[in-house]
Amino acid sequence: MTAAIEIRGADKRFGTVHALKSVDLTVEAGDFFALLGPNGAGKTTLINLLAGLSVADAGTLKVMGFDVGRDYQQARRNLGVVPQELVFDPFFTVRETLEIQSGYFGLKHNDDWIDDILDNLQLADKAHANMRTLSGGMKRRVLIAQALVHRPPVIVLDEPTAGVDVELRQSLWKFIQRLNREGHTILLTTHYLEEAESLCRRVAILKQGQVVALDTTQHLLQSRALGSLEDVFVAIMQDSELKVGA
Amino acid sequence: MRGFLTLFFKEVLRFWKVSLQTVLAPLISTLLYLLVFSHVMADHAEVYPGVSYAAFLVPGLAMMSMLQNAFANSSSSLVQSKVTGNLVFVLLTPLSHWEFYWAYVLAAVVRGVLVGSVVVLTVWFFFPIPGREPLWIVVFALLATILSGSLGVLAGIWAEKFDQMAAWQNFIVLPLTFLSGAFYSIHSLPPFWHTLSRFNPFFYVIDGFRYGFLGNSDVTPWQSLLIVGSACLALSWTTLALLRSGWRLRT
Ligand SMILES: Nc1ncnc2c1ncn2[C@@H]1O[C@H](COP(=O)(O)OP(=O)(O)OP(=O)(O)O)[C@@H](O)[C@H]1O
Ligand SMILES: [Mg+2]
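In the order they appear, the protein sequences are chains A and B. Each residue of the first sequence is one higher than the last, beginning at 17 in the working numbering. Each residue of the second sequence is one higher than the last, beginning at 1105 in the working numbering.
Incorrect hints may appear among the rest.
[What the hints assert, rightly or not] Label pairs and their calculated CB-CB ranges:
| # | chain 1 | residue 1 | chain 2 | residue 2 | range |
| --- | --- | --- | --- | --- | --- |
| 1 | B | L1136 | A | W129 | 44 to 52 Å |
| 2 | B | S1200 | A | E101 | 21 to 29 Å |
| 3 | A | L242 | B | S1200 | 45 to 53 Å |
Source of the hints: derived by calculation from the structure; they are not laboratory data. Ideal Cβ positions, reconstructed from N, Cα and C, are used throughout, including at glycine.
Just chain B, same shape as in the assembly (with noise of 0.2 Å):
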């Protein structure tokens, strides 16, 4: 347990000595979005009725700054170690695949939800948005990060170079985020887009977390956890059996 722990709190210490890098820019580029949106887009049709264009736009774009952050944490922080050697020390120890997995999803949670209460409250100051179902709220934000903090150790047990985690960054989880709904109801997008969308579980990880919110989503909150939910478990599995295997990381 121990163990697990030191290597926990390695990874929280690790973001938070370069907090500037890690939780201010996300704040800072999250809040500029929200800005340039709402204003392009505030005489656009209400997406839920009597809910305004912002309201709709904040738990989407908290949501979209969670799941980068919690992946870039886990992922970074693996690919570096692995080029400049010094996983090594991790490697070195009787640490088994459960607590160095959990260790690197669980420091992934932490930055994504710190990243991600920090957009709500700045935002909140300015603009009071309902809260109206917390506990989806709670439970959507760590699934999310969960998911997107295992998909960043996968990304960075695969990774051999930084421009190979570049990547993932660019080509899986960019689009993955962009195309879920986060910035408009996936209602209002052509069929074929509208279709491809269902089959992105962040998608549902963002209707289930903004429903969290106004009270109002696409699907039920009780199919996205289901959908969630797997998503994570498949995922965690799959980490999991690569880890033991010692799959690019003991070759």
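Here chain A stands alone, though its shape is the one from the complex (with noise of 0.2 Å):
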């Protein structure tokens, strides 16, 4: 079966900081997968490329099996993205935007689908609000709704809960994991490990743009015989260090 991504020697490089070392990466269709680090490890540069919003210096991305930059409008079709950054267009309500985003890709009658959304999400009574009169949360759920309306088989938020309030916290991974359990393939980044522990499959942390652990969370959990993610994320950064220091 293809893999949902697929990640070979992917380099990138911003002036002097190297921000991706050569990463290999495959996430097999319908994982539920966390892509862990600190800031500035190199997780938005990794989704970036993948999207096709960068060029890799060096290295092959596919999503479905569609090259990124060869075959980039399957890669895109099969591939939605929350971006880490709350962006939004003030000029449009949210009904607009998301039936905007759905003609971006040439979807008619996708009416239901966006209500279905926006109700998942909590926006119905905001469906007619402009972007701008939103707060901070409702237009990160906004953003969601935007990566979701065209159906992708392969769905990757950048800390999708950041500035979040509980109650839709938990609402969206309802969501996520109901679309999970429909045969979407789910990438997230975050960093409320505990979220990851609970969600998540398979786990991969980068750091200093490499990846210094990749392995199913169970695996990572009993092979340290640390009680949580976190604990385990922390000794992994231990070890990394002194490995870099040797």
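If you follow the hints, you should be able to join the two separate chains into one complex; please do so.
Encoded structure:
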């Protein structure tokens, strides 16, 4: 079966910063995957390469078997990305934003699915509010809605729960889990490690542009005999510190 | 096709929602120019025999505002989207560089032609001017706004901040539109400036457009068509190549 995401030797520099150092990563179709790492580890850079927002210096990246450069149209149809930055278009309402996004993907008659997303993200009563008038957490929900509008098989969420209240966080994860059960592959980044621990089947940890751990959540917890993913994360960070020092 | 149409309509909607600023304001400033210049210059010798200065001025001023508004539409939309970051919503989609380019350019054409039409019709209400060759009017209106809209896309791709955009506006678009014979026939210029104007594509745009109204021009409309058409092709080709490479958009 084709992997949902296949990354081989992805390398990226920004001037003197070596943001990604020949990263290999495969995410199987249907997986629920966490991409973890400290600030500046390269998580967003990797997601940007996958989304075509940025171009790799070397390496190949594929989404559902489609090369993000050569078959960019197919790759992007198969991918939904929730950006980390809270961006929005102040000219439009929530519903207009979603209809426009849907149109970019060539979709017609998408109203039922848009309604479904609005309900699940508790945005229905804000459908006709201008984007400018929404609170930060609500803008984040619209970003998530925008990424889902074309029903992409692969969904990438870059810190989707930053600034989102507890109640919504729970209903958001319920919705994402439903999508995963329906066959969507999920890749997320988060700094709330208990979220990753309870949701994700597999985990990759990036540090300074390198993958320093890649395993199932269960194995990671067992192999270290530590109580939580957070403890494991800290231990791995310290280990890799020693390696870098040696 | 639908993706392209969505981006095109979104771009039209974007300026239409603020039409006070994007359509009415240019109309008023153009009418003020017209009022002041046609009075000051009323005693000025006729540029073409039997054509009043006001009749000479109207097509030039209308075209100037079309050029400026077409440029403003694509350039400011792109820079705004880059500065606020919401250009990602377009960049994440399967839209090709062709679709991207034509959606922004055609929305600029719509705004430019709309402003131009409103100016000409408003003036015509007070002061009927002839429209001898309507086909040339349409041809040059379209080519002019395509040229200027493309220049706006190019500027929008390049600029990362609003002040860089303002530099384009002040140091490139404004001089090109002012030194284009909008207010005078370039035959009345000293030789140096006359020769320089001959290298300005906007000169041919205005000259050809004016021919459509008056049936009189400095060069033949066919020559203008050839030059403006070539300029459009060269600029589209350059801009499309840059878009395709992802230059400054997909870093
Ligand atoms: N456009 C850019 N120009 C220059 N440097 C950049 C750019 N984008 C990222 N970097 C650098 O690349 C490195 C990786 O950044 P990235 O945003 O991928 O980190 P991250 O893992 O997403 O961090 P965070 O958890 O804070 O979001 C950092 O050192 C960052 O400063
Ligand atoms: Mg990040």
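Here is how each hint holds up against the structure:
The beta-carbon spacing between B:L1136 and A:W129, approximately 51 Å, falls within the hinted interval of 44 to 52 Å. Distance hint for B:S1200 and A:E101: a CB-CB separation of about 25 Å, consistent with the stated range 21 to 29 Å. Taking 45 to 53 Å as the suggested C-beta distance range, the pair A:L242 and B:S1200 conforms, at roughly 49 Å.
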